[in-house]
Amino acid sequence: MNASIDIRAYYEYDGKPFNGRIYLNGSTYSESEGTLHYTVESIVDELYGLSIFESNVATIIFEEPILIIEVDLTSPFEAVIRGAIYLRGNDTLLEGVFKIDGESISINEDGYYVKAISVSMPINSLDIEASILGRPIEEMEVKYSEALGLNINSGFKGEVGEISFIHTLTLSIYLIAVVLAVSIIFIWKKGLLK
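The numbering of the sequence shown is the numbering used here, which starts it at 268 and goes up by one.
Hints listed in this document are in silico derivations from the structure and should not be mistaken for laboratory results.
For each residue, glycine too, the CB sits at the ideal point set by N, CA and C.
Careful, some of the hints might be misleading.
[Unchecked claim] Straight-line distance between alpha carbons at most 30 Å, and here's what the computed DSBU-like set of lysine-lysine pairs gives: (1) Lys410 / Lys382; (2) Lys366 / Lys382; (3) Lys366 / Lys410.
[As the list claims (entries may be wrong)] Cβ pair distances, simulated, as ranges: (4) Gly369 / Glu408: 18 to 24 Å; (5) Glu429 / Ser387: 16 to 22 Å; (6) Leu447 / Gly369: 33 to 39 Å.
Construct the complete structure from the given sequences, taking the supplied hints into account.
So, in C-alpha coordinates, the structure goes:
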(Lines of atoms letter the chains of each structure in order from A and count residues from 1; the text may use other names and numbers.)
(Lines give C-alpha, C1' and ligand atoms only; values in the text may rest on other atoms or scores of the structure.)
Protein backbone atom coordinates (compact mmCIF):
# COMPACT_ATOMS: atom_id res chain seq x y z
CA MET A 1 0.00 0.00 0.00
CA ASN A 2 1.33 3.39 -0.90
CA ALA A 3 0.44 6.61 0.92
CA SER A 4 0.28 9.97 -0.78
CA ILE A 5 1.51 12.79 1.43
CA ASP A 6 1.10 16.37 0.24
CA ILE A 7 4.08 18.35 1.51
CA ARG A 8 3.86 22.14 1.68
CA ALA A 9 6.78 24.07 3.11
CA TYR A 10 7.25 27.81 3.56
CA TYR A 11 9.90 30.10 4.94
CA GLU A 12 8.82 31.53 8.29
CA TYR A 13 10.47 34.88 7.55
CA ASP A 14 8.50 35.88 4.44
CA GLY A 15 5.98 33.03 3.86
CA LYS A 16 7.43 32.19 0.44
CA PRO A 17 7.49 28.55 -0.73
CA PHE A 18 10.49 26.52 0.44
CA ASN A 19 13.22 25.95 -2.16
CA GLY A 20 14.94 22.63 -1.53
CA ARG A 21 14.46 18.98 -0.67
CA ILE A 22 12.44 17.52 2.21
CA TYR A 23 13.07 14.07 3.68
CA LEU A 24 10.46 12.21 5.72
CA ASN A 25 11.13 9.89 8.65
CA GLY A 26 10.02 6.78 6.75
CA SER A 27 8.86 5.23 3.53
CA THR A 28 5.35 6.01 2.32
CA TYR A 29 5.00 2.36 1.28
CA SER A 30 3.85 -0.37 3.67
CA GLU A 31 3.17 -4.04 3.02
CA SER A 32 1.28 -4.48 6.28
CA GLU A 33 -1.79 -2.85 7.78
CA GLY A 34 -1.44 -0.39 10.61
CA THR A 35 -1.02 3.27 11.50
CA LEU A 36 2.19 5.16 10.75
CA HIS A 37 3.12 8.71 11.71
CA TYR A 38 5.18 10.80 9.33
CA THR A 39 7.14 13.94 10.02
CA VAL A 40 9.99 15.78 8.32
CA GLU A 41 13.32 14.26 9.34
CA SER A 42 15.65 16.63 7.51
CA ILE A 43 15.79 19.32 4.85
CA VAL A 44 18.26 20.61 2.31
CA ASP A 45 17.65 24.34 1.81
CA GLU A 46 19.02 25.34 -1.58
CA LEU A 47 18.24 29.04 -1.13
CA TYR A 48 19.59 30.02 2.31
CA GLY A 49 21.29 26.84 3.57
CA LEU A 50 18.97 26.64 6.58
CA SER A 51 18.85 23.41 8.59
CA ILE A 52 16.38 24.27 11.37
CA PHE A 53 12.71 23.62 10.63
CA GLU A 54 9.34 22.91 12.20
CA SER A 55 7.13 20.06 11.05
CA ASN A 56 3.70 18.75 11.83
CA VAL A 57 2.83 15.04 12.00
CA ALA A 58 0.83 13.29 9.28
CA THR A 59 -0.94 10.12 10.40
CA ILE A 60 -1.56 7.53 7.70
CA ILE A 61 -3.73 4.46 8.25
CA PHE A 62 -2.67 1.55 6.06
CA GLU A 63 -5.72 -0.67 5.85
CA GLU A 64 -7.37 -2.40 2.95
CA PRO A 65 -10.90 -1.23 2.19
CA ILE A 66 -13.72 -3.74 2.18
CA LEU A 67 -17.07 -3.45 0.41
CA ILE A 68 -20.09 -4.51 2.47
CA ILE A 69 -23.22 -5.25 0.44
CA GLU A 70 -26.61 -5.73 2.07
CA VAL A 71 -29.33 -7.18 -0.15
CA ASP A 72 -32.86 -6.49 1.13
CA LEU A 73 -35.36 -8.89 -0.44
CA THR A 74 -38.36 -8.20 1.82
CA SER A 75 -40.49 -6.81 -1.03
CA PRO A 76 -41.59 -9.01 -3.92
CA PHE A 77 -40.08 -8.20 -7.33
CA GLU A 78 -37.60 -5.77 -5.78
CA ALA A 79 -34.08 -5.98 -4.40
CA VAL A 80 -32.71 -3.03 -2.45
CA ILE A 81 -28.93 -3.02 -2.65
CA ARG A 82 -27.15 -1.09 0.10
CA GLY A 83 -23.40 -0.75 -0.22
CA ALA A 84 -20.80 0.71 2.09
CA ILE A 85 -17.04 0.97 1.82
CA TYR A 86 -15.19 0.52 5.12
CA LEU A 87 -11.63 0.26 6.27
CA ARG A 88 -11.17 -3.34 7.35
CA GLY A 89 -10.78 -3.50 11.10
CA ASN A 90 -12.84 -0.44 12.00
CA ASP A 91 -16.15 1.25 11.24
CA THR A 92 -14.78 4.17 9.23
CA LEU A 93 -17.01 4.78 6.20
CA LEU A 94 -15.18 5.83 3.05
CA GLU A 95 -16.41 7.62 -0.03
CA GLY A 96 -15.48 6.23 -3.41
CA VAL A 97 -17.11 5.05 -6.61
CA PHE A 98 -19.83 2.38 -6.46
CA LYS A 99 -21.50 0.85 -9.52
CA ILE A 100 -24.21 -1.74 -10.03
CA ASP A 101 -24.27 -3.23 -13.54
CA GLY A 102 -22.13 -0.33 -14.74
CA GLU A 103 -24.42 2.39 -13.34
CA SER A 104 -22.85 4.79 -10.82
CA ILE A 105 -24.77 5.02 -7.56
CA SER A 106 -24.64 8.24 -5.52
CA ILE A 107 -23.72 8.18 -1.87
CA ASN A 108 -26.47 9.29 0.53
CA GLU A 109 -26.13 11.55 3.57
CA ASP A 110 -25.48 8.54 5.82
CA GLY A 111 -22.49 7.40 3.75
CA TYR A 112 -24.24 4.51 2.00
CA TYR A 113 -24.90 3.72 -1.63
CA VAL A 114 -28.53 2.60 -2.02
CA LYS A 115 -30.35 1.40 -5.13
CA ALA A 116 -33.73 -0.30 -5.47
CA ILE A 117 -33.71 -2.70 -8.40
CA SER A 118 -36.76 -4.22 -10.04
CA VAL A 119 -36.40 -7.99 -10.31
CA SER A 120 -38.84 -9.84 -12.52
CA MET A 121 -37.24 -13.26 -12.16
CA PRO A 122 -36.46 -15.24 -9.00
CA ILE A 123 -32.81 -15.80 -10.01
CA ASN A 124 -30.75 -12.63 -10.36
CA SER A 125 -27.16 -11.63 -10.94
CA LEU A 126 -25.62 -8.18 -10.52
CA ASP A 127 -22.15 -6.87 -11.34
CA ILE A 128 -20.67 -4.75 -8.56
CA GLU A 129 -17.73 -2.37 -8.90
CA ALA A 130 -16.21 -0.21 -6.19
CA SER A 131 -13.05 1.85 -5.98
CA ILE A 132 -11.37 4.54 -3.92
CA LEU A 133 -9.20 7.11 -5.67
CA GLY A 134 -9.18 4.94 -8.79
CA ARG A 135 -7.97 1.86 -6.89
CA PRO A 136 -10.40 -1.08 -7.14
CA ILE A 137 -11.70 -2.70 -3.97
CA GLU A 138 -11.15 -6.42 -4.21
CA GLU A 139 -12.81 -7.72 -1.05
CA MET A 140 -16.58 -7.96 -0.66
CA GLU A 141 -18.90 -9.29 2.02
CA VAL A 142 -22.56 -9.90 1.13
CA LYS A 143 -25.43 -10.06 3.65
CA TYR A 144 -29.04 -10.97 2.90
CA SER A 145 -32.20 -9.87 4.70
CA GLU A 146 -33.84 -12.37 7.02
CA ALA A 147 -33.09 -15.50 4.95
CA LEU A 148 -35.37 -14.29 2.16
CA GLY A 149 -32.56 -14.60 -0.34
CA LEU A 150 -30.31 -17.51 -1.10
CA ASN A 151 -26.79 -16.62 -2.09
CA ILE A 152 -25.78 -18.53 -5.19
CA ASN A 153 -22.46 -16.84 -5.78
CA SER A 154 -20.60 -13.75 -4.70
CA GLY A 155 -17.05 -12.65 -5.21
CA PHE A 156 -14.68 -10.80 -7.48
CA LYS A 157 -13.52 -11.75 -10.95
CA GLY A 158 -10.76 -9.25 -11.62
CA GLU A 159 -11.99 -5.80 -10.69
CA VAL A 160 -15.71 -6.58 -11.00
CA GLY A 161 -17.59 -8.30 -8.21
CA GLU A 162 -20.68 -10.37 -8.80
CA ILE A 163 -23.58 -11.23 -6.55
CA SER A 164 -26.11 -13.81 -7.63
CA PHE A 165 -29.15 -14.66 -5.56
CA ILE A 166 -32.53 -16.35 -5.56
CA HIS A 167 -35.30 -13.98 -4.50
CA THR A 168 -37.35 -16.53 -2.55
CA LEU A 169 -40.35 -14.22 -2.09
CA THR A 170 -40.61 -13.67 -5.85
CA LEU A 171 -40.06 -17.40 -6.39
CA SER A 172 -42.92 -18.15 -3.96
CA ILE A 173 -45.27 -15.83 -5.85
CA TYR A 174 -44.37 -17.53 -9.13
CA LEU A 175 -44.92 -20.97 -7.60
CA ILE A 176 -48.32 -19.95 -6.20
CA ALA A 177 -49.30 -18.55 -9.60
CA VAL A 178 -48.24 -21.79 -11.32
CA VAL A 179 -50.15 -23.94 -8.79
CA LEU A 180 -53.27 -21.78 -9.24
CA ALA A 181 -53.00 -21.91 -13.04
CA VAL A 182 -52.53 -25.70 -13.04
CA SER A 183 -55.46 -26.11 -10.61
CA ILE A 184 -57.74 -23.97 -12.79
CA ILE A 185 -56.74 -25.91 -15.92
CA PHE A 186 -57.27 -29.22 -14.10
CA ILE A 187 -60.70 -28.16 -12.84
CA TRP A 188 -61.62 -26.81 -16.28
CA LYS A 189 -60.50 -30.05 -18.00
CA LYS A 190 -62.57 -32.14 -15.58
CA GLY A 191 -65.58 -30.09 -16.56
CA LEU A 192 -66.15 -28.70 -13.12
CA LEU A 193 -65.74 -25.17 -14.40
CA LYS A 194 -68.28 -24.04 -16.99
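Honestly, do Leu447 and Gly369 meet the 33 to 39 Å range at C-beta? 38 Å, holds
Against the range 16 to 22 Å, how does the distance between the Cβ atoms of Glu429 and Ser387 compare: consistent or not? Given range 16 to 22 Å: holds, Cβ gap about 19 Å.
Is the Cα-Cα distance between Lys410 and Lys382 30 Å or less? 15 Å, holds
Between Lys366 and Lys410, does the CA-CA distance stay at or below 30 Å? 18 Å, holds
Honestly, do Gly369 and Glu408 meet the 18 to 24 Å range at C-beta? Holds: the Cβ-Cβ distance is about 22 Å, inside 18 to 24 Å.
Could you grab the alpha-carbon distance between Lys366 and Lys382 and see if it respects the 30 Å cut-off? The hint holds at about 10 Å.
No hint from the list above goes unmet by this structure.
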